[in-house]
Each structure stands twice: as C-alpha cells, then as structure tokens.
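My request is simple: use the sequences and hints to build the entire structure.
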Amino acid sequence: MATVVIDCFPASVARYVSDHAIVAVDVIRATTTAQTAVALGRRCFPVPTLENALATAAELEDPLLMGELGGSVPFGFELQNSPAALAAQPGNRRPVVLLSTSGTQVLHESRGAEAAYAASLRNVEAQSRAAARHERVAIVGAGARGEFREEDQLCAAWIASRLVQLGHQPENEQTESLIAQWGNEPVEAFLNSNSVEYLRRTDQLRDLDFILAHVDDLTSAFALSGSELIELPGMS
1 MATVVIDCFP ASVARYVSDH AIVAVDVIRA TTTAQTAVAL GRRCFPVPTL
51 ENALATAAEL EDPLLMGELG GSVPFGFELQ NSPAALAAQP GNRRPVVLLS
101 TSGTQVLHES RGAEAAYAAS LRNVEAQSRA AARHERVAIV GAGARGEFRE
151 EDQLCAAWIA SRLVQLGHQP ENEQTESLIA QWGNEPVEAF LNSNSVEYLR
201 RTDQLRDLDF ILAHVDDLTS AFALSGSELI ELPGMS
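In our numbering, the protein residues as written are 1 to 236.
Everything labelled a hint here was simulated from the structure, so no lab data went into it. Treat the hints loosely; a few may be bogus.
As the list claims (entries may be wrong) - Restraint ranges, calculated between C-beta atoms of paired labels, are given here:
{"#": "1", "residue 1": "A88", "residue 2": "P186", "range": "19 to 29 Å"}
{"#": "2", "residue 1": "L232", "residue 2": "E135", "range": "17 to 27 Å"}
{"#": "3", "residue 1": "R133", "residue 2": "L69", "range": "30 to 40 Å"}
{"#": "4", "residue 1": "M1", "residue 2": "R201", "range": "43 to 53 Å"}
{"#": "5", "residue 1": "L54", "residue 2": "N92", "range": "14 to 24 Å"}
{"#": "6", "residue 1": "Q174", "residue 2": "R93", "range": "15 to 25 Å"}
{"#": "7", "residue 1": "L212", "residue 2": "P90", "range": "14 to 24 Å"}
{"#": "8", "residue 1": "A180", "residue 2": "Q89", "range": "34 to 44 Å"}
{"#": "9", "residue 1": "Q89", "residue 2": "M1", "range": "41 to 51 Å"}
{"#": "10", "residue 1": "G167", "residue 2": "F75", "range": "45 to 55 Å"}
{"#": "11", "residue 1": "D62", "residue 2": "E173", "range": "33 to 43 Å"}
{"#": "12", "residue 1": "R201", "residue 2": "E135", "range": "35 to 45 Å"}
{"#": "13", "residue 1": "Q89", "residue 2": "E228", "range": "17 to 27 Å"}
Only a predicted model underlies this, so the values are computations on that prediction, with no experimental measurement involved. Just so it is clear, CB atoms sit at the ideal spot from N, CA and C, and this is done for glycine as well.
Set out below in structure tokens:
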C-alpha cells in the first residue's frame, strides 16, 4: 500500500531514510532559496554545518556562500538565506553553497534515502507528482526552535493531500490531522508563524513577499544528486 507521513525536525529523518522517499520542507527559507538558485541556472550545494560549507566552497570556482545559523549570517558569507536576494541577481551564475539552521540539515540527513527532494510552496504540484512515483513518502519539515512552523505544516499538508488524491494513504493519525487542518487552507493561513515574525523583526519581509508571490510557479521537482540539488523538469 502506498503511504505518506508528515513529520518534523532533522532528527526525525532517521526513522524514514531506509524505506521512504523523503521530501524536505523549509518554506522560510532554505528549500525555497535552494529551489530558486537552481531555477535561476545556478548550481546549489545545501550543507549541514559551517565546516562543511567551507570545505564545499573550497572545491568550487567562485562560490557564493549564503545562509544563516541561528538567524545570523556566518563570518565570510555574502548573503542571508534569502530567495529574494538571489532573484535580484538573475544573471549571476556563481554556484551557491547554502547553509541553514535546520532545513539544509534535513536534506543532509536524507541523503541515504531512495530519493531526497527539496520542496517548497513554489512547486507543490510538481513535487506531489514526483513523490507519487514512490511507494512510501515521508514529508519532513525543518522545524525551528522546537516548533513545527505553520508554513511548513501547510506546505507538507498541501503535498500530502495531493498524494492522497493520487492514491497514497496517511500512515498515522498525525498525518491525517495535519491534512485535515491545513490541506485546504489558503497560503495566507501561515502568516501568524514565528518565522514570519522573525522576518518582520529583522526587516526581511521581502522574502515573505517573494514566497507569497511565487506559489506553485515552478513545474519541476528538485532532488539531491550526491551533495548537489538538481532540477527534475516536467513534473507538472
């Protein structure tokens, strides 16, 4: 029987990596940023630690180090974990090394799975169709400060709801509950999230504006190939 489960936090990935395809979700902002980089024609390397970021950058020509740890940009990094900042440089093709507090960690922990996808609100339909090819699917939200943030619950539920329509069954009551709570909610339903409050408090609302203006605008899925995120076109 084809199934789908929704969970959260990097540590949860270990439950699923041996027998599920994993869909990592960090709407604000890592998976949105990673998808945006690849969609703009850049190479993108999501990394779990600062040390890994520096080692990866050392192997690339003219890399762009971007991201955050605990909300702060590490020394030597050029950009925050910002999809809007990337979109403002459409002609730039420098490869991106992307670090975040939890979203890139979920992707890193997913590397041993049969497939490891980075999903966001930009490609719900395409991601759903890509995930539907797998018998068992785990959608894992990044989490922040011990919370399964509302934007990731909504995105995960949107994808899971479509998978149910395509024939998958929820694996547990939590997944059923999240689909019921969020599956038909409008995108604005997550605006009370602490992630949104963080963007507001730190004067980064252009990223929220970008996310709200780019819902289901991509027709590709995005999956890890080794340590690089690549585009899988034609999934809509």
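Here is what the structure says about each hint:
1. A88 / P186: 19 to 29 Å: Because 27 Å falls inside the window, the suggested range holds.
2. L232 / E135: 17 to 27 Å: Since L232 and E135 have Cβ atoms about 18 Å apart, the given range 17 to 27 Å holds.
3. R133 / L69: 30 to 40 Å: 34 Å, holds
4. M1 / R201: 43 to 53 Å: Holds: the Cβ-Cβ distance is about 45 Å, inside 43 to 53 Å.
5. L54 / N92: 14 to 24 Å: 21 Å, holds
6. Q174 / R93: 15 to 25 Å: Given range 15 to 25 Å: violated, Cβ gap about 42 Å.
7. L212 / P90: 14 to 24 Å: 19 Å, holds
8. A180 / Q89: 34 to 44 Å: 41 Å, holds
9. Q89 / M1: 41 to 51 Å: 46 Å, holds
10. G167 / F75: 45 to 55 Å: 49 Å, holds
11. D62 / E173: 33 to 43 Å: Taking Cβ atoms as reference, D62 and E173 lie about 49 Å apart, which means the hint is violated.
12. R201 / E135: 35 to 45 Å: Taking Cβ atoms as reference, R201 and E135 lie about 43 Å apart, which means the hint holds.
13. Q89 / E228: 17 to 27 Å: 20 Å, holds
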